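Chemist: Below are the chains, spelled out letter by letter.
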Amino acid sequence: MLSRVANSVYWIARYLERAENTARIINVNTNLVLDTPKGMSPGWAPLVMITGGQTLFAEHYPELNERNVIRFLLTDATSTVSVLYALAQARENARTVRDVLPREVWEELNNLYQYARDNVQLGLSKRGRYEYVMKVIRGVQQLTGMLAGTMSNNMPYDFMVLGRNLERADMTLRILDVRSASLLPHAGGLRPFENIQWMSVLKSLSAYQMYLQHMGVRVYRQAVLQFLLQDRHFPRAIHHCVLRVETALRELPRHQPILPCVEKIKASIAKADVANLDPQGLHDFIDVQEAMLAEVDKVVGDVYFHPESLPVASQEAA
Amino acid sequence: MAIRWSQYRNKGFRDELIGPRGRPWPAADHVARYLRSLKDSEIDERRTAADLAIRAMGVTFTVYNQDGGAIDRAWPFDIIPRIIEKKEWSRIEEGLKQRVQALNLFIDDIYNEQRIIRDGIFPAELLETSTNYRPQCRHISPRFKVWAHICGSDLVRDKDGTLYVLEDNLRVPSGVSYMMENRLVMKRVFPELFEQVSIEPVDNYPSQLYDMLASLSPRPGDSPEIVVLTPGIYNSAYFEHAYLAQQMGAELVQGSDLVVGEGDKVYMRAVEGLRQVDVIYRRVDDLFLDPEAFNPESTLGVPGLMRAWKAGHVALANAPGAGMADDKVVYAFVPKMIRYYLDADPIVDNVPTYLCMNPDERSYVLANLDQLVVKPANESGGYGMLVGPHASVQERAKMARQIRRNPRNYVAQPTLSLSTTPTLVGHGVEPRHVDLRPFILSGKTIQTTTGGLTRVALKKGSLVVNSSQGGGSKDTWIVDAEEK
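Protein chains in written order, with the numbering used here: chain B, 1 to 318; chain U, 1001 to 1484.
Chain B with its partners taken away, still in its complex shape (with noise of 0.2 angstroms):
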């Protein structure tokens, strides 16, 4: 498999991760005001934040309100950050591959990328947005399961589950920083509507079903936390993210110099002590966390996609 056309899947897969973990925040995020009285709402500041945002929408945007930030997150086509982006970006680089991917793979990528771009006005109505992210969600959900169902399982897909794995292990840690933050736990029990906005956290990862079923009914801080860090099973914990990544790389050739930083984060993830993490304690977890998780991106881009330097391949690897 050529490198350049490992990078791009590898992409594919992280903007089509990202286009959909997008769209699922905006969902729930739609979802939690609604439910908060006002002047309890978090609003849509923290969502600006998740995705790293918030420079660029200063540059762009004088008013941070939900106008703009679903335009931002949404439909901006020139924002790096919205699923309208992604979109295009996962369109881009299949369409550089397109003799790799299974056929109906493309033809539906392609639809849902004219989709996208043909309803903005949809997308940025009240009414229409749930349509739309739905569409989106779906669209990428559908995607997924078409690549299980029709992409052999050797190195193209690989480097899908890897680069997909990686993407939605940084947003599970990027939604739990953000709204721990505004969900500080305390002393006297619980504040008010905390535990909607705990819900909140698990519904934008489409975890709330899991969660009922493995942690039980009660949502609360120590228990999302450890169900979203430390379950093995869960497709979105961070653990199970970093054991697929960790099956994909050993399927991969030359993979020696990053399975460590791969082990690193899972010691890592193992042995944290949830319960006690304090606020600060469990920012700078994720922080590290995080730090890791771009290692291994830096070192597989170092090993696959744009070495300095490759040795001649034994001819049975073709």
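Since the hints were derived computationally from the structure, they do not count as laboratory data. Note that this is a predicted model, so its numbers are computed, not measured. There could be a bad hint or two in this list.
Claimed, not checked - Below, a sample of chain B positions facing chain U; criterion: calculated Cβ distance under 10 angstroms: (1) Trp106; (2) Gly128; (3) Arg129; (4) Leu252; (5) Val299; (6) Val303; (7) Tyr304; (8) Val312.
Glycine residues also receive a C-beta, built at the ideal position from the N, C-alpha and C atoms.
Using the hints provided, position chain U relative to the given structure of chain B.
Modeler: Only chain U this time, still in chain B's reference frame:
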């Protein structure tokens, strides 16, 4: 109740589907009856279905606008097929094979012994002034003596029904993917017709192409490493490059993916390390192939590729230099080549061609510009062409100056009355001019596509079928009219 063949008018032209008095030709009979039975709403449905399929499949081609930006356009397509009777096609097929065989013998001769020049059939001065002749290729003889492994020849039909070869594309001919995509679209749109009419399939092209390319591999073994070399996503035929690579299970590479390494072997940069490449189906023009040998500015190519090719470590299809026979002046000599190399008469004719380099013919051309089509010798895509009867006085005067300044660079042909095919316009049909581009594969053996790509000038009265200039395409059906 929208299509009435009795009211179909295309005076002065031969039609591919409908004969005199609105009577379909035998091979088109079933389709014509079927189309006549469709209500307006049904026609709309079919057309919408085709548009949707094309959009969903992402069938596009790229055009460049004047600001230098590239736009990806959906492929314009007409749902009424162009139909050729199987018996006629068999004859054309033989003619094409004969033609390409002669062309390859000619190219090999030119780069080696030059017998045809010594024997006075082909003028030596034409070589010296040929833009696509590559002195770097002298004394090389690729396997099977084949240079143009993939050839796209354009056929047109005149009003008396005769089919002519209009030109041969021996550099990097494109369009074959659209031929296959058109068929897929049609199967989605008219499944019932495919059940009722015996239409020859077109989808074995990728495997024929693969087999031909594999036969060129310099390394023994069952699974040679074949790659398709593309200039990248901004090339107008990128869609096709990706399509063919995918269909053949070959890697689609760009110049930067390849490197000429130890012992002048070609490798691709892969995740598992460097992998040796045996055959390159290159869709990059000669001059950009290797900055060491040709254009030093090229970033599309691979430094050292010509060295590797000359050393016999890698096969290139088409071979560099094959385009010298793409020249429209060389075209005029093809009937002579067929007689010279194969000792046979051409099965499919050339369009009569006047060479402006010869004084007599030049005077004739200059005196009859209003009736002739003038073409530059080495352009493709219909650029730089003058259609005399449709041109203004100023355009003709400009062309006359160009011919006088550089006669070697121009040929002229009578304006053919290009045949027409019914094409959907609103809810009815109108005649539109068409041509046909079959593809011929040459390796150890010679094979052709079944039919080819029918290109249609969608503008009323227009004769220009090139996709870059407002042309579209149709599915081409080879139909056995005798089978019952």
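Chemist: Give a verdict on every hint.
Modeler: Hints, one by one, checked against the model:
1. Trp106: With a closest approach of 6 angstroms, the B:Trp106 hint holds.
2. Gly128: Cβ of B:Gly128 sits 22 angstroms from chain U, so the hint is violated.
3. Arg129: violated (25 angstroms)
4. Leu252: Interface hint status for B:Leu252: holds (7 angstroms vs cutoff 10 angstroms).
5. Val299: Hint violated; B:Val299 Cβ to chain U Cβ min 14 angstroms, cut 10 angstroms.
6. Val303: Constraint on B:Val303 satisfied, holds at 9 angstroms.
7. Tyr304: holds (5 angstroms)
8. Val312: With a minimum Cβ separation of about 5 angstroms from chain U (threshold 10 angstroms), the hint on B:Val312 holds.
This entry does not satisfy hints 2, 3, 5, going by the numbered hints stated previously.
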